[in-house]
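Enquirer: Take these sequences, add in the hints, and give me the full structure.
If you want the building blocks of each chain, they are given just below.
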Amino acid sequence: MSKKPAASSARSAISGSLKERDKRTLSKLVELATEVATNAYKGREPKIDIPTRAKSNTNWNKKRGILEMGDATSERPLFDLKTAKQFMQTLLHASTIKDLIAAEKTSSLRGVFYKAKHTVAGTKENTFDAQDESDPILEDLEVTLGALREELHIFAENRGSMVGNITITDKGDDIDCRRMGSGGYALPSIVEPDVIQFKKCEAKFVLHVEKGTVWNRFNEDRFWEKNNCILTHGAGQPPRGCRRLLQRLNQELKLPIICVLDCDPWGHYIYSVIKQGSISLAFESSRLAIPEAKFLGIRAKDYEECELGDAVKIDLTDNDIKRANEILAYPWFAENKQWQKEIAGLLRNGFKMEVEAMITKDISYVTEEYVPQRLKDKDWLD
Amino acid sequence: MSDAALLEADSSASSKTKAMSKAPRATAESMAARQRDISVSEFFAKNRHLLGFDNPRKALLTTVKEAVDNSLDACEEAGILPDITVIIEDLQPDRGREAKQSRYRVSVVDNGPGIVRKQVENIFGRLLYGSKFHRLKMSRGQQGIGISAAGMYGLITTGKPMVIHTKPKANQPAHHIELAMNTKTNRAEVTEDSETKDFPPERFLKLTSGTRELGDKGEFLSQDVYVTGTSVSIELEGRYQKGRGSVDEFLELTAIANPHARITFVPPSKASEEEEDVPLLKRGKPTAAPTDAGEAQGDAPKPAQPEVTTETGGVILHPRAVEELPPETKEIMPHPRGIELGILLQMLKEAEIEKPGYTLYNFLQDKFSRVSSASAGQFCEKIGKTSRTKVADIDHATAEKLFKELQDSKLPPPPTDCLAPIGVQQLLKGMFKGVRAEFYAASSREAAVYRGRPFLIESAIAFGGELPGDEPARVIRFANRVPLLFQQSACSSFRAVSETNWRNYDLQQPRGAVPVGALVIMLHMASVWVPFTSESKEAIADYDEIRKEMKLALMECGRKLGSYLNKRLKMRREAERRDIFERYIGEIAKACGELTGEDPKKLYEVLQAQAKKRTAIADLKLDEEGKKVEDPADQEGVIVVESAMSSIASPGAGRGLEANARDADAPPMKMSKAEKAALAVAARAKETDEKTQPRLIDTGESKAKKPKPEAKAKPDAKPSKGDSKPSKSDAKPASKSEVKNEKTDKGGSKPRMRYVNGKLVPVDDPKLF
Chain A
1 MSKKPAASSA
11 RSAISGSLKE
21 RDKRTLSKLV
31 ELATEVATNA
41 YKGREPKIDI
51 PTRAKSNTNW
61 NKKRGILEMG
71 DATSERPLFD
81 LKTAKQFMQT
91 LLHASTIKDL
101 IAAEKTSSLR
111 GVFYKAKHTV
121 AGTKENTFDA
131 QDESDPILED
141 LEVTLGALRE
151 ELHIFAENRG
161 SMVGNITITD
171 KGDDIDCRRM
181 GSGGYALPSI
191 VEPDVIQFKK
201 CEAKFVLHVE
211 KGTVWNRFNE
221 DRFWEKNNCI
231 LTHGAGQPPR
241 GCRRLLQRLN
251 QELKLPIICV
261 LDCDPWGHYI
271 YSVIKQGSIS
281 LAFESSRLAI
291 PEAKFLGIRA
301 KDYEECELGD
311 AVKIDLTDND
321 IKRANEILAY
331 PWFAENKQWQ
341 KEIAGLLRNG
351 FKMEVEAMIT
361 KDISYVTEEY
371 VPQRLKDKDW
381 LD
Chain B
383 MSDAALLEAD
393 SSASSKTKAM
403 SKAPRATAES
413 MAARQRDISV
423 SEFFAKNRHL
433 LGFDNPRKAL
443 LTTVKEAVDN
453 SLDACEEAGI
463 LPDITVIIED
473 LQPDRGREAK
483 QSRYRVSVVD
493 NGPGIVRKQV
503 ENIFGRLLYG
513 SKFHRLKMSR
523 GQQGIGISAA
533 GMYGLITTGK
543 PMVIHTKPKA
553 NQPAHHIELA
563 MNTKTNRAEV
573 TEDSETKDFP
583 PERFLKLTSG
593 TRELGDKGEF
603 LSQDVYVTGT
613 SVSIELEGRY
623 QKGRGSVDEF
633 LELTAIANPH
643 ARITFVPPSK
653 ASEEEEDVPL
663 LKRGKPTAAP
673 TDAGEAQGDA
683 PKPAQPEVTT
693 ETGGVILHPR
703 AVEELPPETK
713 EIMPHPRGIE
723 LGILLQMLKE
733 AEIEKPGYTL
743 YNFLQDKFSR
753 VSSASAGQFC
763 EKIGKTSRTK
773 VADIDHATAE
783 KLFKELQDSK
793 LPPPPTDCLA
803 PIGVQQLLKG
813 MFKGVRAEFY
823 AASSREAAVY
833 RGRPFLIESA
843 IAFGGELPGD
853 EPARVIRFAN
863 RVPLLFQQSA
873 CSSFRAVSET
883 NWRNYDLQQP
893 RGAVPVGALV
903 IMLHMASVWV
913 PFTSESKEAI
923 ADYDEIRKEM
933 KLALMECGRK
943 LGSYLNKRLK
953 MRREAERRDI
963 FERYIGEIAK
973 ACGELTGEDP
983 KKLYEVLQAQ
993 AKKRTAIADL
1003 KLDEEGKKVE
1013 DPADQEGVIV
1023 VESAMSSIAS
1033 PGAGRGLEAN
1043 ARDADAPPMK
1053 MSKAEKAALA
1063 VAARAKETDE
1073 KTQPRLIDTG
1083 ESKAKKPKPE
1093 AKAKPDAKPS
1103 KGDSKPSKSD
1113 AKPASKSEVK
1123 NEKTDKGGSK
1133 PRMRYVNGKL
1143 VPVDDPKLF
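Going down the list, the sequences are from chains A and B.
At position 103 of the first sequence the residue is numbered 103 (this note's numbering), and the sequence of numbers has no breaks.
At position 97 of the second sequence the residue is numbered 479 (this note's numbering), and the sequence of numbers has no breaks.
One thing to keep in mind: the hints can contain errors.
To give an idea of the chain B side of the interface with chain A (calculated C-beta under 7 Å), a few residues [stated by the list, open to error]:
1. THR978
2. LEU985
3. LEU989
Chain B is nowhere near these chain A residues, computed Cβ spacing over 12 Å in every case [said to hold, decoys possible]:
4. ALA33
5. GLU35
6. ALA40
7. GLU68
8. ALA72
9. LEU78
10. ARG110
11. ASP132
12. GLU133
13. ASN158
14. LYS171
15. LEU347
16. ASN349
17. GLU368
18. ASP379
From the derived model, a few chain A residues whose C-beta atoms are all more than 12 Å from chain B [as the list claims (entries may be wrong)]:
19. GLU45
20. GLY65
21. LYS85
22. LYS98
23. SER107
24. GLU125
25. MET180
26. LYS211
27. ILE257
28. PRO291
29. LEU316
30. PHE333
31. GLY345
32. GLY350
To be clear, the hints were calculated from the coordinates, so they are not data collected in a lab.
Treat the numbers as computed from the prediction; the structure is a model and nothing was measured.
C-beta: ideal position from N, C-alpha, C; glycine also.
Expert: The structure is reproduced here in structure tokens:
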């Protein structure tokens, strides 16, 4: 994958490289099917080895500061009641993807689900009953083939928004992110250099907030204008498109990524995913993780430091406490004293705080006082 | 002997009450004038319920039962394979519908050794006359009451004498005797005595359309089979009704316990229609008939015999399932532990009469089993006598001492060669013949001892198939191969069944009751003296030793059933697995084909083959049953009906084409289920006979006939399953004649082997054949 900005590359060149990439993907698909057939002809049981996407197979690469997927694979044999259907589904999706590539079209996850869904010949059983059966199979194919989702011509829904002092080119259209009104630029799921190029950037950093409502506050207050930055949100746990774009902004434009998230285990984990990568997508960490990302707030100390009222408190549930302890034990948190202190603070408080809770001080307290002050003080967690 | 004691007690009691009621003020003298001997016959004429003549229906059954028991005993003792024909004629067919009973003529014809002329009166005309009472030997009859009591009952109810045809010598005419019993004297009065060539009586051949049809084929009262024999006809008031406790049931059960017997039954034209037929036992349609006729031309004298019970024009034929007689049993002396004081005293008295000066030392050795010279000496010593002490010198007190010593002695158990088990293979064949199920198991225990008398328990179970699945299991009981039809709940065997934990074998069982399910449980007790609860011989007394053995036998069968059910479940699961695999293989082959550009058909076939291989258990055929299990010894004595298995192996209801084809096929399938089953057994028997056991007499030969009619009769056999079969049946016809020849040729020279108690033993008695 090209890491250089491809702003200047011509359209024909893109399509040329596309074909090159598709050929590679296609040959991987054929290889998968050939192996199944070869095994069958030799009288061996056909099976597919799928790299395991679980915590047990996730390694913490301390040096690179990201999560990486281990070598463990799990077998998916045909002649096993537990895996027979998945085996079939995997090959059905492989075939579907081949069709997509051949037609040079992309499809949504849901579209792929519908394309492969039909009744098994001679029965009333569906190949796929619901999309949540289909999506994991596609992730299996990604890891098995070592191909990215976009290489499989599949995209997810747009999720997350961006505004700020940057101009990008999306499929050849220039987009000035300063002129995106109240909605912002919707982040597509595929933001690779062949789709999106950075044309011109004046911003000095990126402020990533947790969700749309908070983002609206910052946008309405023209935070990005006043602080010369880019403002993004990922609608909760940020999708791959959002994370990939943040990483590109960080790596290609050298912009610091600063996060404003809730003070609860979920907020902490969102930060962790942005920074080190996630367990289920550990194989993509090198493309998605941003080890330099900073956590600006909300901090456990803020209740006292910002003199917030009792109204901001939401009691930690048992589940929250359990989750906080889990996070505390993750190797990538375990060695970080700051974070150990932060989470301990949260547990000591016994309550969580949302970004929106800052409104109790003043409607624009968070955009006009809290964040600017912290930025100025460089008071963040790393 | 206990009978005699009971007789005495009862007769004195009845005479007393008579005297009391008639002459309340009688003097001792006047009473003495009325007191006189009561003949045994008189006693039983009054107390006929003791012998099983309580009501007209039971009287009819008992008459048949006694005659059939006698016939079987006689045939076996003479070494003849029994062929018995039971005919019941309705002599008042025009009676009103409301009539509760009618007059019947019961005739039982056998191919036994016949009876010498001078014994006829004694055997048929006297109560308590017989060869079986005074010995300890395993036989059906015990007291010698049966047939003469039946004759007496007939005489009392109709006034007609018994008609007997008996032919003891093949080349001489038969005796025709009619006799009536004088109940006062317990002696027979002969009313007709002549010689006749009419044996078996030709009259029977023209009785019904069924008898004519079978007679024309030489399958009914054939002169070739009934070379010698006896025919007894008794007219009596009775009631013919089907259902539980009927003549039909009795003969069906007798056929199960006596697979070596061929039993033909001609029922009366009209039955009292109140109870519906017992749906338990099977009766094949005579579908084999046309093929038989075709075959008969080839090998003339003996037509092919179907393995299962059939019906032709109302005549029910229970064919012979094994061509070998039960082993001959030896008579034994009583075991010291098995006698009572009174009997010991009696024996001592008799010994003195038999041989004056008989010594105790010799007496103990001669008159008891398992008493050696050493132990006889010890006994003498222990009671303070010497080996020269005479029997006559033993007084009552000493006898009592001796009795105590005998009871406490540590002698080896009585010999068991006096017992003839039916045998596992024979039990299976008997059950298979009579019960339509999918699984059969049998077990035969080693001999054990109760009260110094050896006995042996055998058990068989039939499961599934067409047996009703939601009713309590049916328990069928036998004592010395005789079915016990009444007083089930008083019987030891019934308790044994209830006490066995059937839940261990995946069956339902209410607490303390018989299991519920598609199950028939058979228990057989063989003994030199079966302890019945009453003279009518309806229930086995509940001795702990007996019940324990019964439970062990049942558990053995239960385990086999359990392992079968387990395997069936596994097969079902495997079949489902295969179903799932096969469902996906098509999609997989298609997807692979789209990716690689290859023809998906090839891959589909390869995967299909793999799926079949991987779920091979679902295909387990009968033949492999024995081989597949870890302990083959454990699987001996099992029959699994293949059609039942294959219906499991291909489930997938509502699966398009295949399912439709099956549905369309269903009616012929059903029709031929018995044939299919027979075929499966043939395959099974063939394997066990030819491979595991050197030679189980004749079964191979009789089985060999089966596949051919099957193949011929059913051209519409389901093609998908027929794959393996035609080859089998094709091979058969060629080998059949060979096998047959071999049999006749080598019959004399080759040592006959017989399956006894799980072991093959040579049979050296030439007269058996």
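Enquirer: Next step is simple, just say for each hint if it's right about the structure.
Expert: Evaluated hints:
1. THR978: This hint holds: THR978 of chain B lies near chain A, its Cβ roughly 5 Å from the closest one there, short of 7 Å.
2. LEU985: 5 Å, holds
3. LEU989: Nearest chain A Cβ about 5 Å off; hint holds.
4. ALA33: ALA33 of chain A not clear of chain B: closest Cβ-Cβ about 4 Å, inside 12 Å.
5. GLU35: Violated, because the least Cβ-Cβ distance between GLU35 of chain A and chain B comes to about 10 Å, which does not exceed 12 Å.
6. ALA40: 5 Å, violated
7. GLU68: The claim holds: GLU68 of chain A sits with its nearest Cβ about 30 Å from chain B, beyond 12 Å.
8. ALA72: 25 Å, holds
9. LEU78: 7 Å, violated
10. ARG110: 20 Å, holds
11. ASP132: 20 Å, holds
12. GLU133: 14 Å, holds
13. ASN158: 30 Å, holds
14. LYS171: Per Cβ check, LYS171 of chain A is outside 12 Å of chain B; nearest 29 Å; holds.
15. LEU347: The assertion about LEU347 of chain A holds, with a minimum of 49 Å to chain B.
16. ASN349: 53 Å, holds
17. GLU368: Holds, since 58 Å exceeds 12 Å.
18. ASP379: Given that every Cβ of chain B is farther than 12 Å from that of ASP379 of chain A, nearest at about 55 Å, it holds.
19. GLU45: It is violated; GLU45 of chain A is separated from chain B by about 7 Å at its closest Cβ, not greater than 12 Å.
20. GLY65: The assertion about GLY65 of chain A holds, with a minimum of 39 Å to chain B.
21. LYS85: 6 Å, violated
22. LYS98: 6 Å, violated
23. SER107: 16 Å, holds
24. GLU125: Non-interface label fails for GLU125 of chain A: nearest chain B Cβ at 7 Å, not farther than 12 Å.
25. MET180: For MET180 of chain A, whose nearest Cβ neighbour in chain B is about 43 Å away, the distance exceeds 12 Å, so it holds.
26. LYS211: 40 Å, holds
27. ILE257: Consistent with the label, ILE257 of chain A stays out of reach of chain B, its closest Cβ about 41 Å off (over 12 Å).
28. PRO291: 38 Å, holds
29. LEU316: Answer for LEU316 of chain A: holds, closest chain B Cβ roughly 46 Å.
30. PHE333: Fine: 43 Å to the nearest Cβ keeps PHE333 of chain A off the interface.
31. GLY345: 53 Å, holds
32. GLY350: 52 Å, holds
The earlier numbered hints that this structure contradicts are 4, 5, 6, 9, 19, 21, 22, 24.
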